[in-house]
Amino acid sequence: MGYFQSFLRQFRARLILIIFINNALIVADWYVVDQVVKLTGVWALVAIIAVPLLAVGIIPWISTNLLVQPTKFLWQAILHIAPHNTENVAAPKLDQLRLGRELVTNLINQVYQLASVVQAVEQSDSKRAQVLNPDFAVNALPLPLLVLDKEEKIVLVNELAAKYLGKSIADLTGQNFFTALDLSFRSDDTLSNWLKASKGKVVTADHKWERVRIGLPGQGDSLQFDLAGHYNRDNPLGYETLLILFDHTEVYSQDDQAMSFVALSVHELRTPLTLLRGYIEVFDDELGPTLNPEMKEFMRKMNASAQQLASFVDNILNVAKIEDNQLTLQLHEEDWKQLVETVVRDLNLRAGVRGITIKTDIAPNLPTVGVDRYSIYEVLANLLDNAIKYSKGTSEIYVTTMVNKDGLVETSVKDFGLGIDASILPHIFVKFYRNHRNRAQIGGTGLGLYLCRAIVDAHGGDISVNSKVNEGSTFTFTLLPYAKIADARKTGNNPAVVRNAHGWIKNHSLYRD
Amino acid sequence: MDNQGTPTAAPKRILCIEDEHFISELYTRALTKAGYLVDVQLDGQKGMAAAQTDVYDIILLDLMIPNITGIEVLRTLRDPRQTPKMHAKIVITTNLEQREDIRADIEKQADGYLVKAEITPKELVEFLSHLDF
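As they're listed, the protein sequences go chains A and B. Per the working numbering, residue 1 is the first one in the first sequence, and the count goes up by one each step. Per the working numbering, residue 514 is the first one in the second sequence, and the count goes up by one each step.
Honestly, I wouldn't trust all of these hints.
[As the list claims (entries may be wrong)] Think about it this way: if two alpha-carbon atoms lie no more than 16 Å apart in a straight line, the pair counts; the simulated EDC-like pairs of lysine to aspartate or glutamate are: (1) 546/B <-> 281/A; (2) 635/B <-> 346/A; (3) 635/B <-> 361/A.
[What the hints assert, rightly or not] Footprint (simulated), chain A over chain B, 3 or more residues, beta carbon under 8 Å: (4) 533-539; (5) 587-595; (6) 603-610; (7) 623-630.
No lab work stands behind these hints, which were simulated from the structure alone. Computed from a predicted model, the values in this text were never measured in an experiment. A virtual CB, placed ideally from N, CA and C, is assigned to each residue, including glycine.
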């Protein structure tokens with residue numbers, strides 16, 4: 001309660017007391033007159049009739065209009081300046097005063113003066129209250145900030161956050177955070193996973209994410225920022241999770257431009273490749289029959305090399321996309337046997353020119369798999385390409401696929417070549433990692449296996465290797481049967497499950513019921 | 514126009530909108546050998562005007578072409594207000610890497626989407642022979 005209101009209450013109580021005393025004095029006064037009349041006796045009868053008359057009619061009239069009026073006016077003035085003047089009391093008309101006009105005017109002036117002092121005090125008081133108000137602190141922060149409650153509902157948004165996110169505070173407040181904002185993270189280290197891990201297990205936790213986006217990657221105007229989160233289970237105000245955004249849209253979008261540089265370079269590389277492959281085909285078709293076997297073999301090798309270059313260009317592009325969180329997978333139901341056979345057929349030329357035969361052993365009745373056709377093609381093509389490169393004089397490569405004991409579709413590519421030293425095995429899926437022993441003999445960039453693992457991971461599968469030096473290597477990866485992926489997909493409006501190479505592309509929203 | 518399969522079937526006409534001369538040359542060669550009649554346009558503006566005459570059965574459309582981009586051409590050809598008569602199948606032939614969402618959008622409007630570096634001229638012929646008329 002404000003100062004003024006308490007002042008008013010006290011003032012009112014005193015005023016009532018004054019009026020009461022005032023009236024009591026008047027009654028006492030008339031009692032004295034009554035006694036005098038009694039003594040005279042003659043006036044007794046007159047007094048008996050007159051006193052009640054006076055008491056009922058005249059005295060109230062006098063006290064109301066003459067004696068009480070000053071206090072009434074005073075009261076009216078106070079009501080008038082009251083901040084919660086609900087009865088619309090007007091300022092007293094002082095010229096109507098019959099008694100003690102000067103005194104009352106003075107008093108009322110003092111009341112008005114006092115009121116202005118009270119108002120000033122009250123204002124400074126509310127200012128102090130505002131300093132303590134969380135809203136004030138939140139809005140004073142020069143960074144976008146959001147606060148979530150236990151249900152992950154947005155309970156507090158500062159003005160900067162609303163402005164940054166292009167929404168109004170009212171639009172955001174009360175919304176489920178993950179419904180209101182479509183965040184994507186670079187890995188499955190997402191906000192929702194962190195919250196899930198923190199809730200019920202710890203009292204407080206802090207975490208930081210880099211390169212978080214609003215919306216999907218590739219959207220030109222998407223915001224990019226680092227995100228800091230503070231979790232506090234027992235916050236008395238229910239402010240369980242505090243999130244602060246550090247905008248880096250400008251810096252990170254420069255990386256997007258680096259991405260478009262890669263895309264453009266790939267376009268420039270592909271044009272001569274298209275021609276090379278076109279001309280090789282024309283020569284092969286039309287000159288082939290006239291060529292001697294050696295020339296014919298050269299033609300085949302040229303063709304295989306052009307093909308290899310084309311897939312390498314695709315590798316560069318895909319690695320760039322993974323780095324930039326732009327490799328989006330659309331998981332559809334596919335016939336795995338047919339896909340494997342397509343890849344093997346396409347790689348046969350490359351194997352053939354090195355005297356290698358690719359043999360397949362595909363288990364009957366394989367379930368359909370949930371894969372991104374283009375990306376999974378590259379996984380198998382890269383594994384086969386490696387097997388061809390590292391076969392070292394051996395003449396067979398086996399591609400085996402079956403359902404494993406966990407019900408996953410397991411595919412292996414086995415060669416009988418160089419093999420990989422045990423000390424190197426743990427590193428082979430790392431980007432740019434190359435076995436120094438082979439570096440001089442066998443070409444490569446160290447992108448292929450990195451790409452394979454990223455794509456297989458994104459499919460929800462696993463990739464592993466088993467190898468012995470001089471005996472060969474077996475690379476094995478698993479894929480989920482489509483039925484399992486379809487189970488996981490609860491939202492009906494998305495024909496395919498969308499993932500990126502770092503995990504789920506959409507934070508929380510994909511599996512939200 | 515829908516006389517596919519009749520003994521008197523006229524050869525199918527293809528418009529190749531492609532600014533890389535060597536590529537269009539290779540494609541023309543392979544497609545002509547396969548029995549198609551091929552016209553080439555090197556830029557978007559002229560390519561679109563030619564396409565709107567509606568004499569072609571198949572349009573091969575590159576996306577990176579001068580004057581008007583292939584995406585713009587595709588949109589115009591698929592818009593009945595701007596191109597009221599259009600029976601041709603449109604196949605995108607490009608080496609440009611698209612963002613997935615843009616690619617999906619283009620694929621929706623076109624009858625095929627091919628990355629040129631990934632196919633040979635003969636494979637293009639093979640692909641076109643499977644187009645459903």
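Verification of the supplied hints:
no. : hint            : in the structure
1   : 546/B <-> 281/A : holds (14 Å)
2   : 635/B <-> 346/A : holds (15 Å)
3   : 635/B <-> 361/A : violated (30 Å)
4   : 533-539         : holds (count 4)
5   : 587-595         : violated (count 0)
6   : 603-610         : holds (count 3)
7   : 623-630         : holds (count 3)
Hints 3 and 5 from the list above are not met by this structure, while the remaining hints are.
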